[in-house]
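Line by line, the protein sequences give chains L and G. If you read the first sequence in numbering that gives the first Met the number 0, its first letter stands for residue 0, the second for the next number, and so on. If you read the second sequence in numbering that gives the first Met the number 0, its first letter stands for residue 0, the second for the next number, and so on.
Quick caveat, the hints were computed from the structure, so don't treat them as lab data. A couple of the hints might just be wrong.
To be verified - Subject to a maximum C-alpha distance of 20 Å in a straight line, what follows is the list of computed PhoX-like cross-link-like pairs (lysine-lysine): (1) Lys41(G) <-> Lys71(L); (2) Lys41(G) <-> Lys104(L); (3) Lys113(L) <-> Lys286(G); (4) Lys41(G) <-> Lys244(L).
Unchecked claim - To give an idea of the interface, some chain L residues facing chain G are shown, with a C-beta separation under 8 Å as derived from the structure: (5) Thr98; (6) Phe112; (7) Pro115; (8) Val124; (9) Gln126; (10) Cys149; (11) Ser152; (12) Ala192; (13) Gln196; (14) Arg202; (15) Leu204; (16) Leu207; (17) Arg236; (18) Ile241; (19) Ala270.
All C-beta atoms, glycine included, are put in the ideal place defined by N, C-alpha and C.
This is what each chain is made of:
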Amino acid sequence: METPRERLLHLVVALPAEAHPLAERFRLKGLEGRGPWPVFEGEEMRLVVSGPGKVAAAAAASHLQGSFGAPKQIAWLNLGIGGCGDASLGEAFLAHKITDRASGKNYYPGLIFKPPCRTAVFLTVDQPEARYQGPEVYDMEASGFFEAACAFSTAELAHSLKIISDNRASPPQNVTRKQVEALIAARLEVIEAVIRQLLALGRELRSLHRDPAALEAFTERWRFTVTQERQLRRLLRQLQAIELKPEAARFSGCKAAGDVLSGLREELDSAAAREARG
Amino acid sequence: MFETVYVEEAIQGHPRAKAVLKRLAGATQVTCHHFGEVFNRKAQNFRLQKRRRALILAGKRGRLVLPAPAGYGLGSRRNFYFSHLLNCPYDCRYCFLQGLYRSAHLVLFVNYEDFFRALEEEIAEAGGGSEPPCFFSGYDCDSLALEPLTGFAAAFVPFFAARPRACLELRTKSVQVKGLLELEPARNCIAAFSFTPRPLHERHEEGVPSIPRRLEALVRLQERGWPVGLRFDPLLYLEGFEAVYRDFFAAVFDRVRAENLHSVSLGNFRLPRDIHWAMAGLYPEEKLFAFGLEEREGLVSYREAVVARLLDFCQEEISKYVPEEKVFRC
Ligand code: SF4
Chain L
0 METPRERLLH
10 LVVALPAEAH
20 PLAERFRLKG
30 LEGRGPWPVF
40 EGEEMRLVVS
50 GPGKVAAAAA
60 ASHLQGSFGA
70 PKQIAWLNLG
80 IGGCGDASLG
90 EAFLAHKITD
100 RASGKNYYPG
110 LIFKPPCRTA
120 VFLTVDQPEA
130 RYQGPEVYDM
140 EASGFFEAAC
150 AFSTAELAHS
160 LKIISDNRAS
170 PPQNVTRKQV
180 EALIAARLEV
190 IEAVIRQLLA
200 LGRELRSLHR
210 DPAALEAFTE
220 RWRFTVTQER
230 QLRRLLRQLQ
240 AIELKPEAAR
250 FSGCKAAGDV
260 LSGLREELDS
270 AAAREARG
Chain G
0 MFETVYVEEA
10 IQGHPRAKAV
20 LKRLAGATQV
30 TCHHFGEVFN
40 RKAQNFRLQK
50 RRRALILAGK
60 RGRLVLPAPA
70 GYGLGSRRNF
80 YFSHLLNCPY
90 DCRYCFLQGL
100 YRSAHLVLFV
110 NYEDFFRALE
120 EEIAEAGGGS
130 EPPCFFSGYD
140 CDSLALEPLT
150 GFAAAFVPFF
160 AARPRACLEL
170 RTKSVQVKGL
180 LELEPARNCI
190 AAFSFTPRPL
200 HERHEEGVPS
210 IPRRLEALVR
220 LQERGWPVGL
230 RFDPLLYLEG
240 FEAVYRDFFA
250 AVFDRVRAEN
260 LHSVSLGNFR
270 LPRDIHWAMA
280 GLYPEEKLFA
290 FGLEEREGLV
300 SYREAVVARL
310 LDFCQEEISK
320 YVPEEKVFRC
């Protein structure tokens with residue numbers, strides 16, 4: 000069962016105007032004294048306002064990860080506004096490929112769910128761009144964000160979603176703070192659909208990698224080295240997989256952690272023998 | 000079938016890539032420089048990707064035909080394998096591909112003409128030696144599961160048919176035999192069908208067609224004159240395996256014309272250590288990987304006594320139906 004306080008989604012936005020509609024919709028509260036970036040937190044997610052640019056997005060994502068020690072299975076979403084020559088204002092896009100224009104590096108978010116909007120190539124640029132050359136969505140954070148998020152999670156759980164704020168007919172200089180808020184607010188349904196998918200995936204992955212239920216009872220009682228604790232975790236998982244419930248109390252005669260591990264191994268062996276595998 | 004297709008820029012114009020893309024016209028196309036950018040990157044999860052696998056169209060470079068691993072073969076000492084496809088659309092829990100690759104996406108190498116050249120060289124090197132070289136096409140994939148899309152058998156069977164000194168094994172758990180049925184049977188191309196008994200099939204082989212459907216496909220090929228093989232690999236342990244395997248073999252050999260079989264092979268469940276480790280990590284709740292296994296010389300398998308009991312029992316059962324010289328242990 001998921002503990003209600005486990006936040007399995009980290010959101011990275013560049014601007015306060017992008018954050019506000021999200022904070023309202025998902026009831027996120029500002030946290031004080033959390034370093035140089037404003038951080039908001041709700042029941043299921045955290046949000047950081049990175050400021051514009053890929054370096055800022057990567058740094059803010061790392062800050063979020065570092066400050067909260069989130070598990071490996073957390074989902075990451077970079078949300079914000081972007082430009083696209085061919086798209087209408089307000090249209091939402093998920094990235095299926097992110098190209099960093101300065102370095103030429105490509106990134107491929109793993110689209111393992113049915114996207115609730117169109118997908119596109121995102122071109123991350125260092126300066127706001129008004130000369131749209133192709134069908135790409137222009138943004139300033141996705142590449143830095145994605146590289147950082149993949150260091151903490153997996154490409155299937157790291158995504159970038161942009162709402163079109165400027166196009167050929169309406170250049171970026173015209174976009175006001177109010178418009179940004181309105182554009183995001185108007186697309187909350189799509190945003191929420193992506194968030195729900197990511198939370199479900201994060202939850203699924205998390206449940207597989209959660210520490211075995213009995214782990215704490217063992218580590219409280221004996222001192223395991225780092226390697227031994229890894230072995231303990233594995234043995235407890237194996238016993239769990241064959242539906243055995245190892246109880247620390249049964250090993251009360253063991254003095255050292257090594258003896259406990261041997262005892263657990265014996266339990267696995269006898270289970271194998273019972274099925275005539277041994 | 001596939002909702003996303005990644006395409007290497009360099010092969011976008013290849014006729015086979017174009018044909019595949021035409022068939023998958025509704026899919027999102029994403030270009031990449033090299034398939035490894037998507038397939039081999041570090042931060043990805045095989046288990047999650049299985050929910051919505053993508054197809055990657057690429058060109059195979061480097062060595063295209065490789066010596067088969069020791070113990071892989073059907074009597075010949077000149078065994079090779081080549082892979083036009085990496086990964087498989089099915090989901091067998093015991094499949095070593097899950098531990099071998101970082102990605103569950105399927106990579107289709109479209110430059111069949113380069114495979115032909117490499118195969119030609121290997122066949123020429125084998126010359127007129129006493130043992131014809133045998134080429135396995137289902138080591139990194141299921142040879143036939145994507146046949147309507149890949150046209151693999153349609154392209155490679157005629158190639159081998161014209162080179163009777165070599166043989167080709169098409170290994171499959173699919174029922175995709177329409178293409179083969181449309182071709183003239185080639186004596187040196189073996190359609191080899193893999194099976195596990197029904198309780199194991201139901202537990203461990205997601206997406207794989209039912210046993211009766213596969214037997215039906217096999218029988219149709221046999222009736223049309225194709226050399227057909229049976230592969231009982233891996234043999235998986237289950238309590239009371241004797242009765243399960245005995246009934247299963249009886250049912251299989253009731254349908255198949257045993258006297259016409261090209262070969263039967265059987266092999267125990269074994270995984271290289273690192274691959275086992277990766278698979279157990281992907282499926283921490285999976286009983287199959289959790290107990291009753293041990294490592295010997297880098298391979299994780301059932302204990303020796305169990306392996307011997309399983310293999311000996313199954314081989315003896317099979318020998319009730321098939322002459323000894325057609326049965327191989329892998
Ligand atoms: S059919 Fe073969 S290749 Fe495909 S998943 Fe099953 S074992 Fe692996």
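request  = List, from low to high, the hint numbers that the structure doesn't satisfy.
outcome  = 3, 4, 5, 7, 8, 9, 12, 13, 14
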